[in-house]
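Peer 1: Listed below, chain by chain, are the residues.
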Amino acid sequence: MKCSHWIVTASFLALSVTGVVILMAHPRLYWGEVGNDLTPALFELPISRNYHHGGWEQSTPFFQRAGSPVTASRTYDIFNQNGWGRSLHFLAAWFLVGTGLVYLLAGLFSGHFRNHLLPEAREFSRRLFWRDLVNHVRMRIPKAGKGPQYGLLQKCTYLVVIFFLLPLMVLTGMTMSPAITAAYPFLLKMFFGAQSARTIHFFAFVALLLFLLVHVVMVIRSGFKNQMRFMTWGK
Amino acid sequence: MKKKKLITRRNAIITGVSTIGGLLLTGCSKKLPPTYGNILRMGDVLTYTAQRTLLPGQSLAREYQLSDISSFPATGTTNPAAPGQPGYSQTYGQLHSGAFSDWRLSVEGRVARPKKYSLAELQQFPARTQITRHTCEEGWTAIGQWTGAPLGLVLQNAGILPSARFVNFYAYDDYMESIDLFDAFHPQTILAYGMNGSGLPISHGAPLRLRVETQIGYKSVKYLQRIVVTDEFVNTGDSGWSWYVGI
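Residue numbers (the working numbering), protein chains in the order written: chain A, 1 to 235; chain B, 1001 to 1247.
Same shape as in the complex, but just chain A:
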């Protein structure tokens, strides 16, 4: 369980870096099945020289009618490091998925989820949740003891990350794969199309990055040395 934490950390960092590199090749996000430089984007991120590059020859319509879809040849030499970016992304994804599956099985059978992660009925009230939230915002973080005696907000956040955000990442990632969506077309329906899946993949990444930031701040505030020792060796 302990080493799974650090494998996932390393995978997440590799996935983040390569994910941004891949996004830099085409920093435009869309909704639906289709999105390219000749169709409107939801928004465009200024994260590479490809941002608003405009290097296109005059467009030619496919059909003889108003509003026909068009084609155009690209004249601009785009930034593209996807050769290694994609391969490293998927290599890290394999580590994440493999470790994640082992972690899920172990957590289920060892009682880790039941004993440490599921909030108990008596601690789950709106008042306690609010108090925990206010304490966190005011940075009143108690020193951690030895072992996973998680706070209410902490439990809820971990549950969202483990059972919602990470599976969402994997599923939206797979929805961008032509071979996988051919076999499982329900993925395209579930995420409203391949480009929507890409956009959701991006926002789930932003959420995970925010989680990582807060998580690291909390580890530092609750006694960095003890926490690191516990996270690594479990004692």
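Think of the hints as simulated: they come from the structure by calculation, not from any bench.
Rough simulated footprint, nothing fancy, chain B against chain A, three-plus residues with beta-carbon under 8 Å:
| no. | segment |
| --- | --- |
| 1 | 24 to 36 |
| 2 | 66 to 77 |
| 3 | 80 to 87 |
| 4 | 91 to 101 |
| 5 | 185 to 195 |
By construction, the Cβ of each residue, glycine as well, lies at the ideal position given by its N, Cα and C atoms.
Since the structure of chain A is provided, determine the placement of chain B on it from the hints.
Peer 2: Frame of chain A; chain B shown alone:
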């Protein structure tokens, strides 16, 4: 209080490693395409093995309506007939000025009847028309309608030999790609000569391009010149791109 655990850390690690090992082993009965000694590409080989092992048969990629056809950028080589442009080919330029009447597609290698097919001959195969989504590795997608001869029919017509395992595609702009027989005989893998109800435009690979709908765009080679069937993987070195891009 020490609880007896059903799953210990050691057991979990052993299970994990043996699962991955098991996945790799199934592929090892047949020789896999190389990773070019590149640790980066190991994940791609795992993806290839896992997809071939776990995904059910020859599922069709989603097909769309005529009204779904979208604008479609042309990238990579967009005109091999233009001197000075990337991918320029003098031979292609000559064929282009002759309206491709002298163009032939050579099908050779591990086939019983190697043959040079004219466009008219390819058009005699039962045509398949499909409206599919093109997924570019850059991150964009576009929907287009493609008409062409199923690659499987052409390979059978040339008498593909039982020992064959890979189909290699050579293009006029010096581009080269290969696919395995699973993808080659996929019903939606076609040699396309038509796009959106007209002939294939130059910028999209005229006179003939490959469409592999279960893989990323760069496998769908434009400006086809030659198809070579082989028993072994043809290693042309690391192109910078992974060989298998079903994901």
